[in-house]
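Novice: Chains as they are written, first to last, in the numbering used here: chain A, 1 to 77; chain B, 1 to 77; chain C, 1 to 148; chain D, 1 to 148.
Hints are computed from structural coordinates only; laboratory data are not their basis.
All of these numbers come straight from a predicted model, not from anything done at the bench.
Don't take each hint at face value.
What the hints assert, rightly or not - Calculated pairs, SDA-like style, for lysine to any residue (alpha carbon to alpha carbon, straight line, at most 20 Å):
#1 K129(D) - G28(C)
#2 K121(D) - L11(A)
#3 K121(D) - N142(D)
#4 K121(D) - T143(D)
#5 K121(C) - E54(B)
#6 K121(D) - P73(A)
#7 K121(C) - R14(B)
#8 K129(C) - R12(B)
#9 K121(C) - G28(C)
#10 K121(C) - D45(C)
#11 K129(D) - H48(D)
#12 K129(C) - E54(B)
#13 K121(D) - P42(A)
#14 K129(C) - D42(C)
#15 K129(D) - A73(D)
#16 K129(C) - R29(D)
#17 K129(D) - P61(A)
#18 K129(C) - G46(C)
#19 K121(C) - L37(B)
#20 K129(C) - R14(B)
What the hints assert, rightly or not - Which chain D residues stay away from chain A? Per the calculated CB distances, all over 10 Å, these:
#21 M1
#22 A23
#23 R27
#24 G59
#25 L79
#26 G88
#27 E104
#28 P125
#29 W127
The beta-carbon is built from N, C-alpha and C at its ideal position, and this holds for glycine as well.
Each chain, letter by letter, is given below.
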Amino acid sequence: MSIRIRYFASLRDRLERDADQLEVDEPLAVGEVWQRLNPDLPLPPQTLAALNHEYAGLDAPVRDGDELAFFPPVTGG
Amino acid sequence: MSIRIRYFASLRDRLERDADQLEVDEPLAVGEVWQRLNPDLPLPPQTLAALNHEYAGLDAPVRDGDELAFFPPVTGG
Amino acid sequence: MRIELHATAFDPWAVLAQHVATAAHLRGRGGALATFVGTMRDRNDGDHVQGMRLEHYPGMTERELERIAGEAAARWPLLDVVLLHRFGELQPDDPIVLVAVWSEHRAAAFDACRFIMEALKSRAPFWKKERLAHGERWVTTNTPGTAG
Amino acid sequence: MRIELHATAFDPWAVLAQHVATAAHLRGRGGALATFVGTMRDRNDGDHVQGMRLEHYPGMTERELERIAGEAAARWPLLDVVLLHRFGELQPDDPIVLVAVWSEHRAAAFDACRFIMEALKSRAPFWKKERLAHGERWVTTNTPGTAG
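So that you can see chain A by itself, here it is in the shape it has in the complex (with noise of 0.2 Å):
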């Protein structure tokens, strides 16, 4: 199963990299990926997930092919 992970504005220069590409073998929910590649940083509070440009909780499954998204609170208008 292969996920496209993004991450986005104040998190992605906290992490220095703009996405993460992950290749597992068993099904994955939206927080558990966070984990999986981000082992020492537990997922910061308030950020936001999205799977497939729509808004997503942490317990969301996630499927071989999604693009999964993390970002802080927005802030546009």
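With chain A's structure known, arrange chains B, C and D on it following the hints.
Specialist: Using the frame of chain A, we list chains B, C and D on its own:
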């Protein structure tokens, strides 16, 4: 005491005149001016009154030289 | 603060573009602008409306609009208000009213813009007379300002 | 319904004038138009802001704006919505966002315009980075949409 009275919109159409001039000796309130000028027509419900370009109640005292106006509910905007 | 009655058609977008271009006190500060434009519809109460005459009370109408804008400015931290209203003969799609309210933040701009419109609808001395295919009629009530 | 992201400065008044001139479905019907324009302020949190970079999430941002406008159209009887938002490098006074909502009556136009702005502020994936005299900083919270 000389008072100028103006009528607007549908009220003017109904009265078939747009203004009156009233000369009186005793003090009158807004509602009394209407009665004096239109003895056969009770003030139509929802009619508004303005004294010198400011909304006024029917018991507001009218003074010499005042401009008093009666008009139906407003429909601007 | 700019409050005007217009006897002939005005272009709300040209007015706003020109106002923003020349209002030095908004420069860098006017982060939020809420506007309302009311235009003449060609239907009302199920009838086709060909035109409209908008009557006002010269002298009082201007003062009442100024009082309304002043009340809004006393209640919210506003940077500027533009308030234009037509009178005279209107055609469908002609702008009737433009309310534009600048503030640093959106809450005050939204609240004050709506307050001005509701106050204008209930207090500013204007009266609409519609021209229909079979004659004329006075508009007797305004549409409520809150959703039913 | 017209929803667009712009990489360079847009003129909200030219956009609205052009939209009204060409939107046949508004002719005679769009009696009420509520708009909001947010522009870049040159001060924030007590500091002078020289410029701003507005980041977005290409693909998701457009879809989220479409979802928000769709929710508004499902909830209120709207005739049209125009929603433009900047991204990229901004200067003070540059428009950031334009929301324009047409309806037959003002209550729906006001309510839907404000709903779209609040939803956009809380949900649309945009992030502001301010350029100050002494460096850059991410904006971390939005101003609340209700008066304090």
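Novice: Determine for every hint whether it applies to the structure shown.
Specialist: Hint-by-hint comparison with the structure:
1. Restraint check: the Cα-Cα separation between K129(D) and G28(C) comes to about 17 Å, which is no more than 20 Å; the hinted pair holds.
2. In summary, the hint linking K121(D) to L11(A) is supported, as the alpha carbons are separated by about 19 Å, within the 20 Å threshold.
3. In summary, the hint linking K121(D) to N142(D) is supported, as the alpha carbons are separated by about 7 Å, within the 20 Å threshold.
4. The straight-line distance between the Cα atoms of K121(D) and T143(D) is roughly 9 Å, inside the 20 Å bound, and the hint therefore holds.
5. Taken as a hint, the K121(C) and E54(B) pair is honoured in the structure, with Cα atoms around 16 Å apart against an allowance of 20 Å.
6. Distance restraint check for K121(D) and P73(A): the Cα-Cα separation of roughly 10 Å lies within the 20 Å cut-off, and the hinted pair is therefore satisfied.
7. Only pairs whose Cα atoms come within 20 Å are accepted, and K121(C) paired with R14(B) is rejected, the gap being roughly 23 Å.
8. At most 20 Å may separate the alpha-carbon atoms for a hinted pair to count; K129(C) and R12(B) meet this at roughly 13 Å.
9. A C-alpha spacing of about 32 Å is found between K121(C) and G28(C), which places the hinted pair above 20 Å, so the restraint is violated.
10. Proximity of K121(C) to D45(C) is assessed by CA-CA distance (about 18 Å); at most 20 Å being required, the pair is judged to hold.
11. Proposed proximity of K129(D) and H48(D) is supported: the alpha carbons are some 13 Å apart, at most 20 Å.
12. Distance restraint check for K129(C) and E54(B): the Cα-Cα separation of roughly 23 Å exceeds the 20 Å cut-off, and the hinted pair is therefore not satisfied.
13. Of the supplied pair hints, the one linking K121(D) and P42(A) is violated, its CA atoms being roughly 26 Å apart against a limit of 20 Å.
14. Restraint check for K129(C) and D42(C): the C-alpha separation of about 13 Å stays at or below 20 Å, so the hint holds.
15. Between K129(D) and A73(D) the CA atoms are separated by roughly 32 Å; this puts the pair beyond 20 Å, and the hint is violated.
16. A hinted pair counts as satisfied when its Cα atoms are at most 20 Å apart, and K129(C) with R29(D) qualifies at roughly 18 Å.
17. Under the criterion of a C-alpha separation no larger than 20 Å, the hint pairing K129(D) with P61(A) is inconsistent with the structure, at around 32 Å.
18. Between the alpha carbons of K129(C) and G46(C) the distance comes to roughly 16 Å, so the proposed pair stays at or under 20 Å and holds.
19. Pair hint K121(C) plus L37(B) does not hold up; C-alpha atoms about 29 Å apart against a cutoff of 20 Å.
20. In summary, the hint linking K129(C) to R14(B) is supported, as the alpha carbons are separated by about 14 Å, within the 20 Å threshold.
21. Consistency note on M1(D): stated as away from chain A, and its beta-carbon is indeed over 10 Å from all of that chain's, at 18 Å minimum.
22. With a least beta-carbon separation of about 24 Å from chain A, A23(D) lies farther than 10 Å from that chain, consistent with its non-interface assignment.
23. At roughly 30 Å, the least C-beta separation between R27(D) and chain A is larger than 10 Å, which holds for a residue marked as non-interface.
24. Annotated as non-interface, G59(D) brings its C-beta within 10 Å of a C-beta of chain A; the closest such distance is 5 Å.
25. With a minimum CB-CB distance of about 23 Å to chain A, L79(D) clears the 10 Å threshold, and the non-interface call stands.
26. Non-interface status of G88(D) relative to chain A is upheld: no Cβ of that chain comes within 10 Å, the nearest being about 13 Å off.
27. For E104(D), the condition that its CB be more than 10 Å from all CB atoms of chain A holds, with the nearest at approximately 27 Å.
28. A beta-carbon of chain A comes within 10 Å of the beta-carbon of P125(D); the shortest separation is about 5 Å.
29. Listed as outside the interface, W127(D) is inconsistent with that label: its C-beta sits roughly 4 Å from the nearest C-beta of chain A, within the 10 Å cut-off.
In summary, the numbered hints that this structure violates are 7, 9, 12, 13, 15, 17, 19, 24, 28 and 29.
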